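Peer 1: Spelled out from the first residue to the last, the chains are:
Protein chains: 4
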Amino acid sequence: DAYFLFLENYKTDKQEFSRFPTKAGRRSLSRSISQSSTDSYSSAASYTDSSDDETSPRDKTQLNSKGTNDFCVKNIKQAEFGRREIEIAEQDMSALISLRKRAQGEKPLAGAKIVGCTHITAQTAVLIETLVALGAQCRWTACNIYSTQNEVAAALSEIGVAVFAWKGESEDDFWWCINKCINMEGWQPNMILDDGGDLTHWVYKKYPNGFKKIRGIVEESVTGVHRLYQLSKAGKLCVPAMNVNDSVTKQKFDNLYCCRESILDGLKRTTDVMFGGKQVVVCGYGEVGKGCTAALKAMGSIVYVTEIDPICSLQACMDGFRVVKLNEVIRQVDIIITCTGNKNVVTRDQLDRMKNGSIVCNMGHSNTEIDVASLRTPELTWERVCSQVDHVIWPDGKRVILLAEGRLLNLSCSTVPTFVLSITATTQVIQTLPTVANKQQIAVYEYVASLHLPTFDAHLTELSDEQAKYLGLNKNGPFKPNYYRYKCPC
Amino acid sequence: DAYFLFLENYKTDKQEFSRFPTKAGRRSLSRSISQSSTDSYSSAASYTDSSDDETSPRDKTQLNSKGTNDFCVKNIKQAEFGRREIEIAEQDMSALISLRKRAQGEKPLAGAKIVGCTHITAQTAVLIETLVALGAQCRWTACNIYSTQNEVAAALSEIGVAVFAWKGESEDDFWWCINKCINMEGWQPNMILDDGGDLTHWVYKKYPNGFKKIRGIVEESVTGVHRLYQLSKAGKLCVPAMNVNDSVTKQKFDNLYCCRESILDGLKRTTDVMFGGKQVVVCGYGEVGKGCTAALKAMGSIVYVTEIDPICSLQACMDGFRVVKLNEVIRQVDIIITCTGNKNVVTRDQLDRMKNGSIVCNMGHSNTEIDVASLRTPELTWERVCSQVDHVIWPDGKRVILLAEGRLLNLSCSTVPTFVLSITATTQVIQTLPTVANKQQIAVYEYVASLHLPTFDAHLTELSDEQAKYLGLNKNGPFKPNYYRYKCPC
Amino acid sequence: DAYFLFLENYKTDKQEFSRFPTKAGRRSLSRSISQSSTDSYSSAASYTDSSDDETSPRDKTQLNSKGTNDFCVKNIKQAEFGRREIEIAEQDMSALISLRKRAQGEKPLAGAKIVGCTHITAQTAVLIETLVALGAQCRWTACNIYSTQNEVAAALSEIGVAVFAWKGESEDDFWWCINKCINMEGWQPNMILDDGGDLTHWVYKKYPNGFKKIRGIVEESVTGVHRLYQLSKAGKLCVPAMNVNDSVTKQKFDNLYCCRESILDGLKRTTDVMFGGKQVVVCGYGEVGKGCTAALKAMGSIVYVTEIDPICSLQACMDGFRVVKLNEVIRQVDIIITCTGNKNVVTRDQLDRMKNGSIVCNMGHSNTEIDVASLRTPELTWERVCSQVDHVIWPDGKRVILLAEGRLLNLSCSTVPTFVLSITATTQVIQTLPTVANKQQIAVYEYVASLHLPTFDAHLTELSDEQAKYLGLNKNGPFKPNYYRYKCPC
Amino acid sequence: DAYFLFLENYKTDKQEFSRFPTKAGRRSLSRSISQSSTDSYSSAASYTDSSDDETSPRDKTQLNSKGTNDFCVKNIKQAEFGRREIEIAEQDMSALISLRKRAQGEKPLAGAKIVGCTHITAQTAVLIETLVALGAQCRWTACNIYSTQNEVAAALSEIGVAVFAWKGESEDDFWWCINKCINMEGWQPNMILDDGGDLTHWVYKKYPNGFKKIRGIVEESVTGVHRLYQLSKAGKLCVPAMNVNDSVTKQKFDNLYCCRESILDGLKRTTDVMFGGKQVVVCGYGEVGKGCTAALKAMGSIVYVTEIDPICSLQACMDGFRVVKLNEVIRQVDIIITCTGNKNVVTRDQLDRMKNGSIVCNMGHSNTEIDVASLRTPELTWERVCSQVDHVIWPDGKRVILLAEGRLLNLSCSTVPTFVLSITATTQVIQTLPTVANKQQIAVYEYVASLHLPTFDAHLTELSDEQAKYLGLNKNGPFKPNYYRYKCPC
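Chains as they are written, first to last, in the UniProt record's numbering: chain A, 1 to 490; chain F, 1 to 490; chain B, 1 to 490; chain U, 1 to 490.
Next up, chain A with everything else stripped away, as it sits in the complex (with noise of 0.2 Å):
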């Protein structure tokens, strides 16, 4: 069975992989990226209602207006509200709505019998909803215990998608909505689309022959695609997995375009700090660098660049910024980035000698670019100034302000945009389709990016037919080598 492409990324070019798990990391907007799902998860606005009721859903019989009650959710009566949210997800998401009117009249996914696992937001209900709208049965439950947006959850269950998830699970609450997602009588479910690998564990885990059964899994997180490679490296990934997370078109919006609005976004909110004038070194010039020195030289921030690798050294002299080691710069920069992908990058040492009222903030990877347990010293008095911003004060009197406790800056104190969200789900949509069989990766992406760029009125040339043939590309694309298709390391 053919069906699905084979992780390709990891089998065509096995050697590189050894280093993909760090590379991969060198940044990523999914919010999965937390190890685990039950770390603490900051909703940037959640319209969530702070009613006192206090008994578990699990503990609740709810009917929706069908009567039907296979779900469970934190309040059915919610829906109404959620649909609403949904509807405005909708507006920025258009390439999935027309998804759906493209495929009108077809189902391509009938047939298809899928299980999520992801975050349940008004986003990733436009991206379930258009799986039912192409055929699809599904059953969804939350990829972590705080995200769940419970109208949203509602609204699914309104129209009969069956949800397990509701905001402020406990652990037991967490496996026992996977289990009932997967386990319902009289119904097999044969594909995955999950976000840090949870759900396709415990199939992977509990019913080994469903397992197989399973003809696709579809995985979005850096955590998530790790975990299938490991599987995949001892053997026993006998089902055809997607990694949508190294896409070009997701990387560049969740790495340049993205990071290039929400380091401004971020430092804002959290410091009002002005940006003009502002000395500031950026540790790493990959895509994420990128996207940060350009916003904060466009503000008329100075800034410096720190760099290991002399490609993207060399990439940052051409764009106008002096390339040095931390310690130069240290006594005198306002504002210190890491964006690496690294461990140690700002070390006690170096905050030691940080100015009075300088900020250090993490771009970049997980929470270990920063030394903050360093900072965890009993000389040192941490001051908690606001949600996400801590004033840690020296002896002297000297304060550095530290942002989300090191952790990172965009997921913590910014918000990503529907649109970015759209590119991935799109992604995800697409590559359940049995009709991207057997393409390269890199047409599932050139069609993504198509599907998108309605939003801004842009209009693609076609290429002549004498055209086509002078370059040797098909009308329809796709138009780059199919290498292209990993994220460019840049």
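Treat the hints loosely; a few may be bogus.
[Claimed, not checked] Away from chain B, derived, C-beta distances all over 10 Å, residues of chain F: (1) Leu-231; (2) Gly-276; (3) Ile-393.
[What the hints assert, rightly or not] Calculated cross-link-like contacts (lysine-lysine; reagent style DSSO-like; alpha-carbon spacing at most 27 Å): (4) F:Lys-60 - F:Lys-101; (5) F:Lys-325 - A:Lys-475; (6) A:Lys-325 - U:Lys-469; (7) U:Lys-233 - U:Lys-212; (8) A:Lys-325 - U:Lys-297; (9) B:Lys-233 - U:Lys-439; (10) U:Lys-101 - F:Lys-355; (11) U:Lys-107 - U:Lys-469; (12) A:Lys-297 - F:Lys-236; (13) B:Lys-297 - F:Lys-297; (14) F:Lys-475 - A:Lys-469; (15) U:Lys-297 - F:Lys-297; (16) A:Lys-325 - A:Lys-233; (17) U:Lys-113 - U:Lys-439; (18) F:Lys-236 - F:Lys-212; (19) B:Lys-233 - B:Lys-213; (20) B:Lys-233 - U:Lys-469; (21) B:Lys-398 - A:Lys-101; (22) A:Lys-101 - F:Lys-325; (23) B:Lys-469 - U:Lys-325; (24) B:Lys-325 - F:Lys-297; (25) B:Lys-355 - A:Lys-101; (26) A:Lys-469 - F:Lys-66; (27) F:Lys-355 - B:Lys-398; (28) A:Lys-233 - A:Lys-213; (29) B:Lys-469 - U:Lys-233; (30) B:Lys-469 - A:Lys-297.
Source of the hints: derived by calculation from the structure; they are not laboratory data.
Fair warning: this is a prediction, and the values are worked out from it, not measured in the lab.
In this text, a Cβ means the ideal position worked out from N, Cα and C, and glycines have one as well.
Position chains F, B and U against the provided structure of chain A, taking the given hints into account.
Peer 2: Positioned in the frame of chain A, the structure of chains F, B and U alone reads:
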């Protein structure tokens, strides 16, 4: 004999290759891009004397100051003048000078007998003298009958390099020089450094036995690489060949960084146009298009982009350009710039609709992008305003300003900074080194990049042992996956 | 008594003045821009306790730690908390701290008895304490009934400044506080530092004899300056008055530099919109428009400009923006931003034609620029999505996102960096100094600027005697002609 | 006779004036900036024939096709060639063409008898022919002995304008031509259009009675304005004079917009330097400095600024440039650019410390900024590399590249776009119109700006009656206060 890398780009990705000539052709600054060695060649600044000595160098007997006569140049007495130009060029090619210093004492190229065929300029002289400094014996000839700087040829001959080249060779001279270069009693070349493939072709055809003794071919031009590939496809390339043209570093400089500057330079030198407020359409948003649009936007032009590729289109949107079809803006733009690698991107029909006084030029590929032939009709008057600038005049008096007759603006009306040539020359030298055998190409390119960092006083950060282990990288690189060696098609 | 400069902007250029209120009104960040002291005031971050103490401060008897009770604040016990906030503010207001140091030993304001009426925040506390450090006696009250930071008022009262202000005053409280400030047995104020003109008005009306003893009025707001001018025109302003609002330094920061950042901040906090690829029209290309367009262009938006003035239009062209009439682009833009100082720049008719999901907001003047009143009709539904964000919904379902109900986005939905407030506060302090009498205003502004350079580690070059003579300048400035004191209308 | 505005800049702000010559001198693109009419003049592109006709035009008798001989040019037969150049220039000077159209039927300059003394180029021909079209009688001569385009002089003579000028006049020829221009039987000039003041001086000295009959002098150069001011100060300027040099529109284009482009052009044409990654220090952050820094930053250079003025320094900080003293960076920079209007900004001591291969050039004022004289000492060797480029070589071999011998780079090594010349020429024409009498100068400049908007297809918004009333403005402007007529010193 695994002495050299074997055309790896082609072998590992064969299915890509059918598209290669055109993709490669998206643009190259290689001066050998002209299809033929007898194409006219506009050297921006030539200090060559205009003495009226009409005697063919072939008919002269000249001795250098050491009393040898194994060379054939215009006038050996110009050597001192040429030496001064070489010294000036050395200042911008410090990477090669530093290579010489690193090798001091040792002669890594001892035993190498190199025949070369390139433009003979002050910059290539620095390349050749570096090969000599590293222990190689060199014999050299010109790849274009017009491009030789006579005084540089003299300076090389003076120090004992056997040069056979002068400005204004006949085609017969051209092949005579090539042959003199190869065919020397008791001297069997074992390496070829070629630009365009003429030398390689000659050895292959005329000295089939000698060809088999070649241990490596270093080729820098699109055309030459294409000819090698044809040979390889036919199973006749028994010699390892290194493709210098497609390295990511060379391409970034030839395309993005160089065009960002040369589009302004080329337009200004030819037309004195003011950029501020001008409406410009750039056809194609590859690296060249990205460079052109960035520069013009920064100068206050209003820039539109046309594209066939959805991924590049989305990038153009994110960078702030409206993506249109050419016909949407053809009547309003002041300047059209083609950078597609395609043919007939601007047609007669579109030229007919351009504004009076508007400018059309090509930064892309060869001379195919603008349908210049369609303008050579009786009802249109051509007026040569100055070198490289034609006014094409419509019956109603409308003038369209055509630059370089549709050939590459940056080669015809601008100059290539020595620093850019240094990137290529350094790559060529390093490819000749036996020590690079079995190294991943990305490592070569990172090394070339690192040699150019001192020019910018850029300071690389070194990984600690702990960090290298965390990242799964060697402390000395390579830092990127090997597929990054390809020029980036983004 | 020529102690102070006399409203010089107005007197020297009287014919200009009839236009002044509106031109001045092109925009001001002064928080007192709201017409009335009882306007709502959204303090971005208030640390004020939300204790349920409902007792009016007027009904309490409180003593500070020195045992005095000449103040009226919410809760004197919050003083320590307020002190910490003042200390943090001091870090970004080093110009004032350096002023204190320069005066050390001397008391240039000895004898000055200043009554002040401003927002009472950590930043104004730094201003007030600088006046005290320079020798002045101060009594202070709030210029807005909502804007007082109670803990800061407490901290000031604790060190002996007579503060009469709390958050949530009634209008009666407001005037009671002002009166307490002025009317103290045996204490005759001789200087007024006002923001909005209410204090000045009260002294003028209620204490006509006291008014004549005032030696100077320092006014920072558009409204207050306008009221002073009306008084002056009527021949009733017998007191020298300093217009702090219109200094070139304040205006550059309030408008160009601050708006360049706050437009991004305000849009992001309210809508999470992605800027890349968005089509935006900015109405008005004065300093505010220049700041907004520069920021959005840098973030990858496609920006159009509307203007009434040909000189500003030409500047917009040169800066790379298409100058259009609003109607030309109304159907295609994603965001409309008004910065004109004019009224009804966006009409109902135009709002009717905007795209679904588009955003409209005002960075210009007061709340006049968007015809918000025209949207309050029965066929349109307003939906408050969150604070400062309304969806206005047309009968066909189209939504237009209106920010801050058409009031100033940057005041309502963003914050003003302390550094910007420092420019104004420093100007206010310096205007109170007797030593500035008879100095050209441009000298004052240059001095204010020079006090802020150390923040950026900027090093001024000094003229040699020979150079100063050549230029006909004094080595210590002023370096610019005095007409440059005006805010630049370019 | 209040026919014309009277040197208003000077009269209304007299106390400013002692600084004026230098401030004005901060920079001007006026080609007459050279102190003397016999300075060498590098015309970037001259189509003038190089025929070997050595006969002085004064010794020839020539007739135009109408049979008149009231002119003296090199060769009347070149008229047709000159006509074509004028037609090409007209395309970029559509503001003047549109002025002609608006006047059609009427002759607002009927009765005006204008003597002019300017560079005689295709662009000034468009100016002169506009005056003629509006009804004036014109006699013309050249303000520089080298700058005349002979074929243009011929074309003007052919249509009946009395031109006395040719390329390569002797000084005696120069004054002879001026005299021929004025001294015509039965023709008394009543207006002077001058560039440099030589014509005005001659009339004043030689024809004192005729001088009194002049109703207006239009002067465009710094030098000429300065000479007029000296006359005025001495009480001897009995004639109204218009200062075209200092208008805000001319200055913005001559300085900010033009230098933004010409700094790149001038450096590229002379040195082929690559801008990316270069470290550059720009001395002076007035309009010229702002243009140069913006361009180089955009091209990827790392730019430092030196300044004497705190307000400009703060602007440089906000725009993202480190403000340093020259000595702080002298050893590391690759390029020094002076734009101060000052003298000896770069001293020998500093030149001694520059890097090998670094470039020094002047965009500011005359040739005073770099102490070039200090380099003419025996231990330094000068090597002329090509026109306008000298290598100055220190005893240790260090080379510093000096451009244009310290004269203005943009005049010597770049060209002035016709559009920029159009702004000046249009202002000159409008200043001659009687209808501008009693108009505020700002109104004139706004009108000039509005005439240039169609070039950019820019569409002005018109105020409604209600809006005009609200703003206190006339619907047709002026929109700015009159003090804005000054060039902006920011």
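Peer 1: Each hint: holds or not?
Peer 2: We went through each hint and held it up to the structure:
Distance to chain B confirms Leu-231 (chain F) as a non-interface residue, since its nearest Cβ pair spans about 46 Å, more than 10 Å. The non-interface label for Gly-276 (chain F) is inconsistent with chain B: the shortest C-beta to C-beta separation is roughly 4 Å, within 10 Å. For Ile-393 (chain F), the requirement that its beta carbon stay farther than 10 Å from each beta carbon of chain B is met, with the minimum near 28 Å. The hinted pair formed by Lys-60 (chain F) and Lys-101 (chain F) fails the criterion: a straight-line CA distance of about 38 Å is larger than 27 Å.
Taken as a hint, the Lys-325 (chain F) and Lys-475 (chain A) pair is honoured in the structure, with Cα atoms around 16 Å apart against an allowance of 27 Å. A distance of roughly 60 Å separates the Cα atoms of Lys-325 (chain A) and Lys-469 (chain U); the hinted pair therefore is violated under the 27 Å criterion. The hinted pair formed by Lys-233 (chain U) and Lys-212 (chain U) meets the criterion: a straight-line CA distance of about 17 Å does not exceed 27 Å. Simply put, Lys-325 (chain A) and Lys-297 (chain U) have alpha-carbon atoms about 22 Å apart, close enough for the 27 Å limit, and the pair holds.
A hinted pair counts as satisfied when its Cα atoms are at most 27 Å apart, and Lys-233 (chain B) with Lys-439 (chain U) qualifies at roughly 26 Å. Proximity of Lys-101 (chain U) to Lys-355 (chain F) is assessed by CA-CA distance (about 21 Å); at most 27 Å being required, the pair is judged to hold. With a C-alpha separation of about 35 Å, the suggested pairing of Lys-107 (chain U) with Lys-469 (chain U) is violated against the 27 Å cut-off. At most 27 Å may separate the alpha-carbon atoms for a hinted pair to count; Lys-297 (chain A) and Lys-236 (chain F) exceed this at roughly 53 Å.
Between Lys-297 (chain B) and Lys-297 (chain F), the direct Cα distance comes to roughly 10 Å. Compliance with the 27 Å bound is thereby established for this hinted pair. The straight-line distance between the Cα atoms of Lys-475 (chain F) and Lys-469 (chain A) is roughly 46 Å, outside the 27 Å bound, and the hint therefore fails. Restraint check for Lys-297 (chain U) and Lys-297 (chain F): the C-alpha separation of about 13 Å stays at or below 27 Å, so the hint holds. Using a Cα cut-off of 27 Å, the hinted pair Lys-325 (chain A) and Lys-233 (chain A) is violated, with the two alpha carbons roughly 38 Å apart.
Between Lys-113 (chain U) and Lys-439 (chain U) the CA atoms are separated by roughly 22 Å; this keeps the pair inside 27 Å, and the hint holds. Simply put, Lys-236 (chain F) and Lys-212 (chain F) have alpha-carbon atoms about 11 Å apart, close enough for the 27 Å limit, and the pair holds. Distance restraint check for Lys-233 (chain B) and Lys-213 (chain B): the Cα-Cα separation of roughly 20 Å lies within the 27 Å cut-off, and the hinted pair is therefore satisfied. Distance check on the hinted pair: Lys-233 (chain B) and Lys-469 (chain U) sit about 20 Å apart at the alpha-carbon level, within 27 Å; holds.
A threshold of 27 Å between alpha carbons decides the hint, and for Lys-398 (chain B) with Lys-101 (chain A) the separation of about 20 Å falls inside it, so the pair holds. The suggested pairing of Lys-101 (chain A) with Lys-325 (chain F) holds, with an alpha-carbon distance near 25 Å, which does not exceed 27 Å. For the given pair, Lys-469 (chain B) sits about 20 Å from Lys-325 (chain U) by alpha-carbon distance, which is consistent with the 27 Å threshold. Taken as a hint, the Lys-325 (chain B) and Lys-297 (chain F) pair is honoured in the structure, with Cα atoms around 22 Å apart against an allowance of 27 Å.
At most 27 Å may separate the alpha-carbon atoms for a hinted pair to count; Lys-355 (chain B) and Lys-101 (chain A) meet this at roughly 21 Å. This hinted pair does not check out: Lys-469 (chain A) and Lys-66 (chain F) have alpha carbons roughly 57 Å apart, beyond 27 Å. Of the supplied pair hints, the one linking Lys-355 (chain F) and Lys-398 (chain B) is violated, its CA atoms being roughly 39 Å apart against a limit of 27 Å. Restraint check: the Cα-Cα separation between Lys-233 (chain A) and Lys-213 (chain A) comes to about 20 Å, which is no more than 27 Å; the hinted pair holds.
Of the supplied pair hints, the one linking Lys-469 (chain B) and Lys-233 (chain U) holds, its CA atoms being roughly 20 Å apart against a limit of 27 Å. For the hint linking Lys-469 (chain B) to Lys-297 (chain A), the alpha-carbon distance of about 38 Å lies beyond 27 Å, and the restraint is violated.
The structure shown violates the earlier hints numbered 2, 4, 6, 11, 12, 14, 16, 26, 27 and 30.
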